[in-house]
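Colleague: Chain residues, written in single-letter form:
There are 4 protein chains.
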Amino acid sequence: MTVEEMLQTHPRPTSLDRGALQRCIYECVDCAATCTSCADACLGEQDVADLVRCVRLCLDCADTCDTTGRILIRQTEPDLGVLRSATGACTVACRACREECERHAEHHEHCRICARSCARCEEACEALLATMDQTNGKG
Amino acid sequence: MTVEEMLQTHPRPTSLDRGALQRCIYECVDCAATCTSCADACLGEQDVADLVRCVRLCLDCADTCDTTGRILIRQTEPDLGVLRSATGACTVACRACREECERHAEHHEHCRICARSCARCEEACEALLATMDQTNGKG
Amino acid sequence: MTVEEMLQTHPRPTSLDRGALQRCIYECVDCAATCTSCADACLGEQDVADLVRCVRLCLDCADTCDTTGRILIRQTEPDLGVLRSATGACTVACRACREECERHAEHHEHCRICARSCARCEEACEALLATMDQTNGKG
Amino acid sequence: MTVEEMLQTHPRPTSLDRGALQRCIYECVDCAATCTSCADACLGEQDVADLVRCVRLCLDCADTCDTTGRILIRQTEPDLGVLRSATGACTVACRACREECERHAEHHEHCRICARSCARCEEACEALLATMDQTNGKG
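Residue numbers (numbering that gives the first Met the number 0), protein chains in the order written: chain A, 0 to 138; chain B, 0 to 138; chain C, 0 to 138; chain D, 0 to 138.
To be clear, the hints were calculated from the coordinates, so they are not data collected in a lab. A couple of the hints might just be wrong.
Stated by the list, open to error - Sample of chain C residues at the chain B side, in silico, Cβ under 7 Å:
| # | residue |
| --- | --- |
| 1 | Pro10 |
| 2 | Leu42 |
| 3 | His109 |
To be verified - What follows is a list of derived Cβ distance ranges for each label pair:
| # | chain 1 | residue 1 | chain 2 | residue 2 | range |
| --- | --- | --- | --- | --- | --- |
| 4 | D | Glu101 | B | Asp132 | 28 to 38 Å |
| 5 | C | Gly80 | A | Ala129 | 43 to 53 Å |
| 6 | C | Pro12 | B | Ala48 | 16 to 26 Å |
| 7 | D | Glu98 | C | Glu122 | 42 to 52 Å |
| 8 | C | Ser14 | D | Asp46 | 47 to 57 Å |
| 9 | C | Glu3 | D | Glu101 | 31 to 41 Å |
Said to hold, decoys possible - According to the in silico footprint, chain A covers these stretches of chain D (three or more CB under 8 Å from chain A):
| # | region |
| --- | --- |
| 10 | 1–9 |
| 11 | 18–29 |
| 12 | 32–46 |
| 13 | 88–97 |
| 14 | 103–112 |
Every residue gets a Cβ at the ideal spot worked out from N, C-alpha and C, and that includes glycine.
The shape of chain A in the complex, shown without the other chains (with noise of 0.2 Å):
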C-alpha cells in the first residue's frame, strides 16, 4: 500500500517501532475492508437469520479498524494515550469478530477467510502495544 511509502518522506518521524507501526496499520485497512465485505456476503446468505450475530460484529470491527488506521497512520503530534486506548478497543473489536465468524466458518469460506483477517489485525495491535508499554517505560 501506498500509505508505507508515504510514512517514509513524513516530516516528523514517528517514535514508535517503525515495523510493528507499519504492519498494524496495514492490518486495520485490510481488515476494516475484509469485516465490511463479510458483513455484506452474510447478508446476501440464505441463511442470514443465523448470521445476524456475524453481520453486528462485522460492522463493529469495520468502524473500528477503520478509525484506528486513521488515527494510527496520523504521525503528527500524536497522544499517546489516544493511541493506545484505540489500538486496545481495535483488539477487542477484532477478537470478537474472529470468535464469531469461526463459528460460521465450515460453512462459509468468507467468514473463514474474515476470521484470518481478523486474527492477523488482533495480533498485529497487540505487537504495536507491547511495543507502545516499552516506549512508556523509557520515556
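With chain A's structure known, arrange chains B, C and D on it following the hints.
Modeller: Showing chains B, C and D alone in chain A's frame:
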C-alpha cells in the same frame, strides 16, 4: 435527533440503561460534528502553526466519536466487551481533545465551544461505562 | 446541535447560503444516525430475509450522509465541484433508501421513521444544490 | 488485499465488470489511507500555512474514497444509481485533491506520492463508470 425515536421502535430493546445510552449516542454524534468543525476552523486561522496539535486531536476525536456513536446506536446482538472498549477509547480521545482545546479557548471561540462539547461527551461516556459495570455485576 | 454554533465562530465564513447549509449539515448528521439504526433494527427483525435490500441501502445511505456531512461542515478552502458532487451523491443515496424504507413502513415503524428522515435529507440536499447553482451563476 | 479473495466467495456475485470493480475498490482503499497521511504530513510541515488548501482537499478525498470503497465492496442488492453517483463523486474529489497536491509536488515528496495515488483512483473510478454505462445500455 431522530435516532432517539428510532430506538423506541427497535425489535430488540437494549439491556443497558436507556437514558445513559441515549445521552451518550447524542453526545458522540454531536461531538464528532463539532470536532470536525474545530479541526477545520483551526486550519483556517492565521496562527494555524500554533494549532497543529489541536487539529490533530480534533481529527482523532471526530473519528473516535463517529465510530463509538455507530457502535452504541446498534442494539442487535451487542458484545459488551466491544461496547465497553469503544466507549472507553472515546473517553480518552475526548479528554485529550478537550485539554488541548482549553489551551486555545481564550483566543479562539471555536476551541472554547469544542472543549465544552468534548467535556459533555467524556462525561456521557463515563456515565454509560458506570452503568455497564453494574450490568456486568448483575449478569 | 453544537456545530451550528461553531459555524458562527469560523474565521472564514462560507459564501454559500447559510440557512440552506446549516439545514443540510443537520439533516446529513441526523440521517446518518437514523440509517445506522434502521439497518440494525431490520437486522434484528424476524423477517430479516425480507429486509436485506433495506439493510444494504441503509448502510450505503449512512456512509454517504456521514461523509457529506463532514465535507459540508468544513468551511476552509472549499472546492465547489467537490461540494456539489458529494451533495448530489447524497441526494441519490437518500432517495434510494427512502423508497425502499417506504415499502416496509406499514410493517416496521423504524422504516417509516427512517423514510421520513431520508426524505428530509434529500430535500435539504436538493435545496442546497439549488443555492450552489445560483452561486455558480453569479461567480 | 484480502477483500479481493472475499469477493470470490460472495453468495451473490456482482454483475459489474469484476476486474474494473476490484481495481476501483483497491484504489479507493489505498487512496483513502494515502490522503489521510498527506493531510497529516502537510500539517506537520513548517510551511503548513501554505498547505491549508491541500489539507482540506486531502480530508475531503479521504472521506469520499472511504465511503465509495465501502459502497463498492458491498455486492448484495446494489442500487446502480447509488454506485454510479458515489463513484462519480469520488472521481471529482480525487481530481481536486490531485491538482492541489501536484502544486506542492516539487517541495513535498508526500504530495507527489499522494497526487499519483489520487490519479490512479480517479482513473479506476472513470474506468468503472464506463463499464457501468455499458451495463445500463445492455440491461
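Colleague: Against each hint, give a clear statement of whether it holds in the structure.
Modeller: Now the hints, each set against the structure:
1. Pro10: holds (5 Å)
2. Leu42: Cβ of C/Leu42 sits 5 Å from chain B, so the hint holds.
3. His109: At 4 Å from the nearest chain B Cβ, C/His109 passes the 7 Å test, so the hint holds.
4. D/Glu101 <-> B/Asp132: 28 to 38 Å: violated (53 Å)
5. C/Gly80 <-> A/Ala129: 43 to 53 Å: For C/Gly80 and A/Ala129 the Cβ distance comes to about 46 Å; the hint holds.
6. C/Pro12 <-> B/Ala48: 16 to 26 Å: With Cβ atoms ~22 Å apart, the hint holds.
7. D/Glu98 <-> C/Glu122: 42 to 52 Å: violated (32 Å)
8. C/Ser14 <-> D/Asp46: 47 to 57 Å: violated (26 Å)
9. C/Glu3 <-> D/Glu101: 31 to 41 Å: holds (36 Å)
10. 1–9: holds (count 7)
11. 18–29: holds (count 3)
12. 32–46: holds (count 11)
13. 88–97: Violated, because only 0 residues of the region 88–97 of chain D bring their Cβ atoms closer than 8 Å to Cβ atoms of chain A.
14. 103–112: With 4 residues in contact (Cβ-Cβ under 8 Å with chain A), the coverage given for the region 103–112 of chain D holds.
Violated hints for the displayed structure, listed by number in ascending order: 4, 7, 8 and 13.
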